[in-house]
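Colleague: Below, each chain spelled out in residue letters.
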Amino acid sequence: MAAFLTLFTFLFIIALLCLFRFLYLASRYGKPSPNRKGRPCKTMIVVGAGGHGMEMTRLLSSLNKKQYKPRIYVVAQKDAMSRNKVEKLESEPVIWGIMRAREVGQSYISSVFTTLGGFFHSLPLLLQARPELILCNGPGTCIPVCLAGYLFKFIGVNSKLRLVYVESVCRTEKLSLSAILLYYSYIADDIIVQWPQLVEKYSRTKYLGRLF
Amino acid sequence: MSKKSVLVVVGTTKFEDLIKAVSEKRFQKLLFSKGYTHLNIQIGHGEYTPANSESGSGREEGLIVDWFRFKPTLASDMTEASLIISHGGSGTIFESLSLRKALIVVINETLMNNHQTELASRLAKDGHLVYTFSKSLYETIETLDPGTLKPYEQGQPSLFADHLDKLMGFNGDKTD
Chain G
0 MAAFLTLFTF LFIIALLCLF RFLYLASRYG KPSPNRKGRP CKTMIVVGAG GHGMEMTRLL
60 SSLNKKQYKP RIYVVAQKDA MSRNKVEKLE SEPVIWGIMR AREVGQSYIS SVFTTLGGFF
120 HSLPLLLQAR PELILCNGPG TCIPVCLAGY LFKFIGVNSK LRLVYVESVC RTEKLSLSAI
180 LLYYSYIADD IIVQWPQLVE KYSRTKYLGR LF
Chain C
0 MSKKSVLVVV GTTKFEDLIK AVSEKRFQKL LFSKGYTHLN IQIGHGEYTP ANSESGSGRE
60 EGLIVDWFRF KPTLASDMTE ASLIISHGGS GTIFESLSLR KALIVVINET LMNNHQTELA
120 SRLAKDGHLV YTFSKSLYET IETLDPGTLK PYEQGQPSLF ADHLDKLMGF NGDKTD
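Protein sequence lines correspond, in order, to chains G and C.
Counting in numbering that gives the first Met the number 0, the first sequence tops out at residue 211, every number present.
Counting in numbering that gives the first Met the number 0, the second sequence tops out at residue 175, every number present.
Extracted from the complex, chain C is given alone in its bound form (with noise of 0.2 Å):
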C-alpha cells in the first residue's frame, strides 16, 4: 500500500480542539477508511499530546500517527503530505495552495476577532480550500472530495516591486 498522508498543522500557537478533534479514534478510522494511511500532527505549543506512546507516534486501525511540536521547516512534510488540514494562518494556506493539496482549514473560535477567517472564508468561496470548525471536522472529512478543489493561481510578488519603483522614481532604468 502506497503512502498517504495527512498533515496537521497548528502554527505557532495551540490549537487544542483540533488536535484533540484529530486524535479520536473515529476520526483516526474514518482517515484509513479513506485511504490515508499516515497521520502526521504539529501540535506547536499545545498541552494536550495525541497518541499516549512516548515516542509520538502510535498506531490506530492501520494508520500511523506520529506528533511533533515543531520544526524549523514543514516544507517537506508538506510536499509530502496528501492532504493538509491547517489552522487559519496565512502562511500554511499560501503554502500549501502552492503546493497545489487539498487543504481544510479549520477555524480557531478561541482567538477572537481572528481576521484570518476573512482570507479562509474568501478562498473557500472561490473553491480553493474547504474551511470549517474542529466540532464538523469529521463531517467535513467524510464528504470531501478533494477533485473538486480548484487550483489556486499563485500570485507575483514583482507586480509590487514594478508599483514601488515606479513610485520611488525607478522610472524603469533597471540599475542591475
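Isolated chain G, as found in the complex (with noise of 0.2 Å):
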C-alpha cells in the first residue's frame, strides 16, 4: 500500500510539472522571445510538396539571410520536387528527408502510424539540430517535425525553440488539419492565416495582410 502511494504520489507530480511546463509554454504563445542582439537564429524549414513548396520559397525569399542562419531544409523521402526547390534556392543546401505523414487519399487512421514513424524519425534529427526556429507551412509532413521539435523544447533539451506555422493561402474558410492540430495543441508558438475571416474563427492565429 505505501508502495502503490509512493508510486502514485510520484506520477502525481510528474504530471503536475508537465501541466506547468505545458502552461508555462503555452503562456508564450505569440510573444516575441527577447532581444537576441543581431546573433543569428539556427532554422529549420520544412518544405511541404506542390504549393506549399511555391508558398514557401516565396515566404524565405523576403527573410533577411543574415539572420536566419544555419539553415536545415526538410523534406518528404522520395519528394524530388521539393527537394530541387530547395536547390535552387541554396547553393550548398543541408537537407534532411523524413518519412512523409500523409499520402493524398491515405485514410486518417493508417495517417497516425506513418506520423508516428515520422516523429522517430524526426527525433535523432531534431535532437542533433536543435534548431530555434521551425518554419511550416504544411501538409501533414511538418507534423512529426513540430511533435519531435515540441518534445525536445518539453523537456528542456532544447527551450528555445519556437514554431511558426503560415497556413496556405489556399485555405480561406477553415484552417488545415496541420494547422488545427498546432493550433490547439498550442504546440505552434504562432499560426498565421493569409484570409482575415480565418482570424474570426481562430481567435489565436494572425493575419498579417497579403503576403501573395
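Among the clues, some could well be false.
[Claimed, not checked] Here are a few chain C residues that sit away from chain G, every Cβ distance over 12 Å (derived from the structure):
no. : residue
1   : K70
2   : S75
3   : T147
4   : K165
[Stated by the list, open to error] Listed below are the simulated DSS-like cross-link pairs for lysine-lysine, each with C-alpha atoms no more than 30 Å apart in a straight line:
no. : chain 1 : residue 1 : chain 2 : residue 2
5   : C       : K3        : G       : K30
6   : G       : K159      : G       : K68
7   : G       : K173      : C       : K165
Note that these hints are calculated values from the structure, not bench results.
Glycine is no exception: its CB is placed at the ideal position from the N, C-alpha and C atoms.
Hints given; two lone chains; assemble the complex.
Modeller: Next up, the structure:
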C-alpha cells in the first residue's frame, strides 16, 4: 500500500510538472523571444510538396538570410520536386528527408502510424540540430517534425525553440488539419493565416495582410 | 492579324476533362470567333493528346493549336497569353494574377476534397478571376468579358519577414 502511494504521489508530481510546463510554454504563444542582439537564428524549414513548397519559397525570399542561419531543410523522402526547389534556393543546402506523414487519399487512421514513424525518424535529427526556429506551412509532413521539436522543447533540451506555422493561402474558410492540430495543442508558437476571416474563427491566429 | 493566345495549364498532374474540353472543334471555333489566334496547351501527365498531328501542333479553323507536356518554366508562355485557362493550383493562379492576365480556373472534379476550390471561389467572389467546370467551359468563354475582372493587388511577403523578425527577437536591428 505504501509503495502504491509513493508511486501514485510520484506520478502525480510528474503530471503536475508536465501541466505547469505545458501552461508555461502555452503562455508564451505569440510572444516575442528576448532581443537576440543580432545573433543569427538556427532555422529548420519544412518544405512541403506542390503549392506548399511554392508558398514557402516566396516566404523565404523575404527573409534576411544573414539573420536566419544556418538553415536546415526538411523534405519528405521521395519528394524530389521539393528537394529541387531547395537546391534552387541555396548553393550548398543541408537537406534532410523524412517519412511522409500522409499520401493524398490515405486514410486518417493509417496516417497516425506513418506520422508516428515520421516522429521517431525526426527525433535524432531534431536532437542533433536543435533549431531555434521551425518554419513550416504544411502539409502533414511537418507534423512529426513539430512533435519531435516540441518534445525537446518541453523537456528542456531545446527550450528556446519557436515553432511558426503559416497556413496556406488556399485555406480561406477553415484551417487545414495540420494547422488545427498545432493550434489546439499549443505546439505552434504562432500561426499566420492569409485570409482575415480565419482570425474570426480562430482568434489566436494572425492575419498580417496579403503575402502573395 | 496580331497574335492573341490562350494558354491552358494543368500543372504537374493530369486533367483529362479539361484537355478534352479545349480540344473540341466547337470550342476552338468559339475561341477563334472571339479573336484568339493561338491555343497553347500544357497537358502534364495526361494520356489524351489534343491534336492528332505528331508534331504536337495543328490548325483548326484558323486557330493554331500547340501542346506540350512540361516546361521548366511557363513564365514566357504566360506572359505571351491574353487569356489563361488553368487548374486550381495556387502557383499558377497567383502567377497569372500578378501578370494581370484574364484567368479562368477550371475545377478538377476528379480530385476529392480539393481545397484548391476554396481559393478559386474566394478570388472569384472578389472578382479577380472566373471559375468553372470542364463541362461548362464553353459557356464561360462565351459570356466572358475580360474587362470586368478586377486587377489583383499583389501581397508583400516582407510583411511576414517583419513579423518573424519581431517574434524571434530581431528587434528591428537589421544586420545587413
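Colleague: Each hint needs a verdict: does it hold in this structure or not?
Modeller: Hint check results:
| no. | hint | verdict |
| --- | --- | --- |
| 1 | K70 | holds, 15 Å |
| 2 | S75 | holds, 18 Å |
| 3 | T147 | holds, 22 Å |
| 4 | K165 | violated, 5 Å |
| 5 | C:K3 to G:K30 | violated, 53 Å |
| 6 | G:K159 to G:K68 | holds, 15 Å |
| 7 | G:K173 to C:K165 | holds, 27 Å |
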